[in-house]
Amino acid sequence: MHRRRAAAIGVVIMLGAASCVLVEPHQRKYLSMPEMNPATDSLEDVFHAHIEAARRASTNGHGGGGGGCGCG
Amino acid sequence: MSRRRTSSLGLALWAWISLFWVAAPRPLLAENRATIRGNYYREKSTRVMQPLAQITVDAPDERLTLGATYLLDAISSASIASGTQAATGGDNVFTELRHEFVGTAQSKLGEWTLGGFFRYSTETDYLSRAGGVSLARDLLRKNINVALAYSFGGDRFYRIVNNTGAREPWCGGDVDVNFCRTGGYGRNNNFLQIHNTLASYSHTLHETMLATFSIGYAHLRGPQDNPYREGFLGGIEETHPHVRNRVVLTPGVRWMVWRERITFEPFYSLYLDDWGQRAHTPELRVHVRPVRFLRLRARYQYYKQTAAFFFRADGQYVDGDSRCSRDAPINCATADVKAMPWEAHTPGVQLTWEFDGVAARNPRLRWLEGGFVEVTYNHMIQDNRFGNARIGSLAFSLAY
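Chains A and B, in that order, are what the protein sequence lines are.
Each number in our numbering corresponds to the 1-based position in the first sequence with 740 added.
Each number in our numbering corresponds to the 1-based position in the second sequence with 501 added.
Hints were generated in silico from the structure; no laboratory data involved.
Fair warning: there could be bad hints in the mix.
Said to hold, decoys possible - Here are some of the chain B residues that sit facing chain A, going by a computed Cβ distance under 7 Å:
| no. | residue |
| --- | --- |
| 1 | THR709 |
| 2 | VAL749 |
| 3 | MET757 |
| 4 | HIS788 |
The structure displayed is predicted, hence computed values, not measured ones.
C-beta atoms are modelled at their ideal positions from N, C-alpha and C, and glycine is treated no differently.
Produce the complete structure using the sequences and hints provided.
Shown next, in the form of structure tokens:
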């Protein structure tokens, strides 16, 4: 139990330390690539969200609700 | 009075337009984009073909971006539970068309981004309208982005009857069809209200690492059962609770190992609702660039959901005569796979060819710059009555 708590605190400290790093605009070369941009998948997400609305309980973070269905 | 209102509107419009021009830093780049996409979904008894066209225009730059999307869902089903009995008079293949229009507007003013959308969707026995707004803010020199979004959806449900194309409003399995109304809202109405809120946070941890977290909450009120599942339930109409509260949490990371030209994208979704359902969705995507302008993505998703509180594994439901709720699950009945426990494995691949290389080498093809073609295939292996599903898409996009 203590070990788990220590690991969790360690992860939080690591993320906290990383969050102190400011990435400057000239260092954003990689971040601007499509595979690093969450917006790249927006149209694919819309399609998957529609399938999930018709077939799954979960909304998987796309927003959820609505959408007619050929729900069998 | 009316002149004063017109004058106030004019002033507000002028102030808004002025804000666009004054508040945003210059110079800004404009990129208009046109995308066409074909989506395909196939399982044992249902096939969906979905062509889609989307256009976005910066007018004149990112201070105002307008977008429009049209998509057509051609849903062919041989399943009784999809209404084929009611629509065709037998268990024959039934093709239904759904049309969807979406209009979007987005404005980036310095560190703030404002957005709004309206969506209209219609098919034979279903009508949906939704609208929403969003607000996002960049912080710490764009190292942090915080966003909030709210949308409201209003859906109207109908049931096709007598295989003549005639339809009647559907208010849920526990509402007598003679008392079901359309044109308003409330218990005996065919109106489903959907309130959606989403808060998201993204944090640049390193020049090759981005962490994201989102939490979504949805409140649904209205009919949420399928009017065509009597066949599965021995003549009893499917009856679900009219109220549902849903929460989904999604943490994720994108980490690029540039030397190897590989990006790892693990994320996880935890879904909870007050129907007693819980779903876990861990997913890993790996993006590779074998050559500079070619992207390859491999994906694996695991999905597992638990049953709703009113689901009975023995399928022995009784025809309840009053409201289905957590206090009275005896009045509920379901043949909906969405309310059952099951799991799925989805491997998939995607190939994207960016046209920038071709455009740079050949001046005549410069118009292809920023464009791409993308092919995607996912295979969903699931242990529910739908059986395995094949999901594919082909997209072509140009910047202009």
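Query - Satisfaction of the B:THR709 interface hint, Cβ to chain A closer than 7 Å - result: At 5 Å from the nearest chain A Cβ, B:THR709 passes the 7 Å test, so the hint holds.
Report task. Please verify that hint: B:VAL749, Cβ, nearest Cβ of chain A, below 7 Å or not. Result -> holds (5 Å)
**Report entry** When the least beta-carbon distance from B:HIS788 to chain A is tested against 7 Å, hint result
**Finding:** Check passed: Cβ of B:HIS788 comes within 4 Å of chain A, closer than 7 Å.
**Report entry** Status of the B:MET757 interface restraint (C-beta, 7 Å, chain A)
**Finding:** holds (5 Å)
This entry satisfies every hint, going by the numbered hints stated previously.
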